[in-house]
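When you get a sec, could you build the whole thing from the sequences and use the hints?
Chain by chain, the residues run as shown.
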Amino acid sequence: MQTGIKTIGTLNWRAEQYAVYRSLFPDPLTVLHRAFGLVLLIGTLRFMARGWIETFYLIPQFHFSFVSWARPLPAVGMWAVFVGMAIAAMCIMVGWRTKWALATFFLLFTYVELLDKTYYLNHYYLVSCLCFLLFWLPNNPHAILLTRCYLVLVYFFAGIAKLNADWLLHAQPLRIWLPANAHLPIIGWLLDYTWVAYLFSWGGALFDLTIGFFLCNKRTRPYAFAALVIFHLLTGWLFQIGMFPFIMIACALVFFDWNMLASESVLSKRLKSTWMFREIQFPKHAPTKCELISSRLLSLLGNVVRGAYSQMSTYRVNSIVPSQHIATIVISLFFIAQIVVPLRHIAYAGDVNWTGAGERFAWRVMVVDKAGMAFFELTERETGRQFSADPHAYLTPQQVMQMSFQPDMLVQFAHFLGEKYNAEVRVEAYVSINGRSSRLLLDPTVDLTQE
Amino acid sequence: MRQIRQKSIATRHAPRTTHHAHWLLLLCISLLLAGCGERGFNRKAMLQGIVDEIILPNHALFVARSAELETAVRALHADPTDANLANAQAAWKTTVDAWSGVQLFDMGQINRDFMHPAIDRIPPNIDGIEQSINDGQSLSMERVNSFGSNKKGLPTLEYLLFLPDLTDQRRLEYTLATAEVLAQNAADLETAWRDYADDFVSAELDNQNTNSSISMLVNEIVRRLEIIMGLGLGQPLGLNIQTDGEAHPETLFSPYAGYTEERLLHQLISVQTVLDGGIDDYLDYLNLTPVEEQPLSERLDNAIAEAIVLTGQLDDLERRVVEDRESAEAAYAAIREVAILTRVDLTSQLGVLLTFSDADGD
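Protein sequences appear in the order of chains A and B. Per the working numbering, residue 1 is the first one in the first sequence, and the count goes up by one each step. Per the working numbering, residue 1 is the first one in the second sequence, and the count goes up by one each step.
Everything labelled a hint here was simulated from the structure, so no lab data went into it. Don't take every hint at face value.
[To be verified] Residues from chain A that face chain B, not an exhaustive set, calculated with beta carbons under 7 Å:
hint, residue
1, Ala-180
2, Thr-235
3, Ile-241
4, Gly-242
5, Ser-432
6, Gly-435
Even for Gly, the Cβ is constructed at its ideal location relative to N, Cα and C.
Shown next, in the form of structure tokens:
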């Protein structure tokens with residue numbers, strides 16, 4: 001990549017010319033790395049600044065870990081993990097040792113996510129998956145295609161999850177969430193109307209189902225991107241969803257053919273004015289109207305993105321990926337899993353939105369409103385003495401809140417109590433979903449320590 | 001050839017204009033609907049109503065009752081007779097009743113200024129109180145005011161008035177100073193609420209923002225019910241936390257006056273008043289309960305009415321939490337029902353996030 005002649009279209013370029021070209025007009029994956037790295041960096045710093053390392057991982061005495069080995073480190077260790085993540089994010093952003101940085105970020109971030117189900121968010125899972133994918137992707141045009149496919153998949157599954165009676169026929173849970181924002185300026189008054197909730201529900205489902213395909217199509221891409229930005233910023237304004245909108249907007253940048261635009265349109269003028277390219281004869285295309293609009297839009301965006309790092313930085317690849325064959329197998333398995341895992345709830349009994357079985361890792365983003373309250377009744381095995389346990393004595397309020405409507409977490413905590421008191425543990429968990437009357441989530445007569 | 005092409009272009013464009021027309025029509029309909037549809041719920045008016053009709057009058061009543069209590073204790077201090085003692089005890093009870101109508105409104109600036117604990121912190125520090133009575137130093141209002149909150153306020157007065165020693169002059173002095181401090185604190189609290197009222201009504205941020213008034217109010221209702229359920233009845237019954245599973249009558253809210261059931265009852269009534277004072281209308285306006293189910297406002301109404309009836313039937317709680325527990329357990333179950341309905345169903349339908357959640361969702 002760094003030596004010899006590089007052919008772009010009909011043009012043969014020297015390595016140094018190519019380097020300048022790449023820095024001025026990076027390929028979509030490079031743009032993705034830059035933007036994604038920036039968002040990860042901000043997200044990591046924000047997490048630290050909010051004191052969440054302490055409140056999420058250091059203060060609680062019990063954790064709903066995904067796997068038994070995932071335990072929080074002592075304070076110094078947790079801080080080191082987050083500092084490591086920040087450094088890795090920075091490396092991803094500037095394109096220095098990108099593969100190492102992606103591997104590091106993936107491992108550290110995923111470790112943190114595995115510590116406690118309480119803090120599971122779909123977009124955290126997306127971050128883990130994207131880091132994993134970007135690490136294994138080869139450095140060729142297929143990589144761009146595969147990344148795009150992956151994002152199309154994410155949006156599409158998010159759309160499929162919304163195709164249920166509550167969402168489409170009852171505009172739930174948006175009928176709850178929107179009026180709660182009726183105070184907002186400009187659009188607030190609209191949010192009180194039921195038809196607006198229906199409009200948002202149907203519009204949201206349609207958006208999720210189609211946006212990926214509109215982004216893939218060159219003609220619709222600029223409009224789709226504009227719609228995407230508006231959609232994510234709007235939801236970010238309405239709901240408390242943290243970095244989610246920015247992660248999605250950053251990801252969507254990969255749909256643009258930054259390098260193609262450069263050689264085919266007005267942007268090439270800039271390249272031609274660089275001394276290294278004076279002797280090169282650029283092919284004369286008459287750019288289409290759509291290309292002109294999108295290139296103008298993108299040159300603006302490109303300047304913003306490019307401004308963040310040195311112009312001459314080069315994009316290192318393939319430094320640690322051992323074998324293309326292994327990568328191919330890993331990526332194939334990854335995609336199979338990405339299709340099977342979100343659909344696994346079909347194999348489980350009951351409605352996934354109520355039971356929660358198969359809800360995680362499935363892009364079921366914002367599809368239900370749930371609240372719960374759980375009472376733990378203990379029976380000592382030796383004495384038969386009965387008493388209640390207050391989860392607040394062991395859990396933070398946020399842990400209690402998340403646990404109260406998630407069966408696997410209730411079972412996990414029941415096991416903890418059962419071991420602590422050598423007791424049978426039964427749970428009365430009352431849950432309300434999408435405004436319905438609260439009812440029992442689990443059979444209160446079952447000893448959960450046997451589950 | 002050229003003609004055909006033009007034609008095809010023309011036909012391609014034709015549906016587009018009708019498309020635009022459709023959108024325009026949709027927009028017009030939308031605006032029409034927006035213009036003449038339901039007008040939205042005036043949340044500010046609801047809050048203003050709760051302030052004007054419940055919060056401020058309840059505070060005024062509490063100030064008046066505290067002043068009466070002070071007067072009664074002053075009479076007792078001047079002339080320590082059994083009759084004056086009975087008067088002061090009765091005044092204490094009516095003051096506690098009034099206080100129960102105020103306790104729910106410990107929020108915003110009031111909460112940040114720690115005004116409530118100075119009036120009512122359970123349990124009183126008996127050793128500390130006895131020590132101060134016996135330490136020979138001045139028992140002026142100023143000095144008692146400087147004491148920690150568990151050595152003044154309503155629980156301290158309860159201890160002094162219901163385990164009295166009318167021959168002990170210093171005890172009477174402490175009682176008087178405590179009553180004076182209480183009356184002063186009550187007046188300060190009312191002033192603080194009057195100052196805060198406008199902010200409270202206008203702080204109509206989003207319900208997810210914990211600072212919004214609706215959110216604070218709902219949070220306080222949830223918290224109050226859980227206190228009534230958990231600390232008020234659950235703890236004495238040995239039901240709520242990992243106690244030894246035994247009854248603990250000594251943890252009753254009002255062990256000296258035997259007034260716990262009344263305290264619980266009046267607190268429940270105050271929750272009911274707020275629910276009836278606008279929150280039920282707001283719920284009906286939101287109309288989020290599926291049609292096949294009973295509306296939440298009605299379910300809440302029934303549940304709290306039931307809890308009030310059963311709590312009202314409680315008597316001699318000190319004994320009832322230990323033996324013949326049926327009535328206390330029934331009241332506990334009914335209050336628990338209301339607690340579930342508020343924490344789960346009410347917060348859910350109002351889109352209210354419970355205070356502690358400083359975290360993202362997705």
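Going through the hints against the structure:
| no. | hint | verdict |
| --- | --- | --- |
| 1 | Ala-180 | 3 Å, holds |
| 2 | Thr-235 | 10 Å, violated |
| 3 | Ile-241 | 6 Å, holds |
| 4 | Gly-242 | 3 Å, holds |
| 5 | Ser-432 | 5 Å, holds |
| 6 | Gly-435 | 4 Å, holds |
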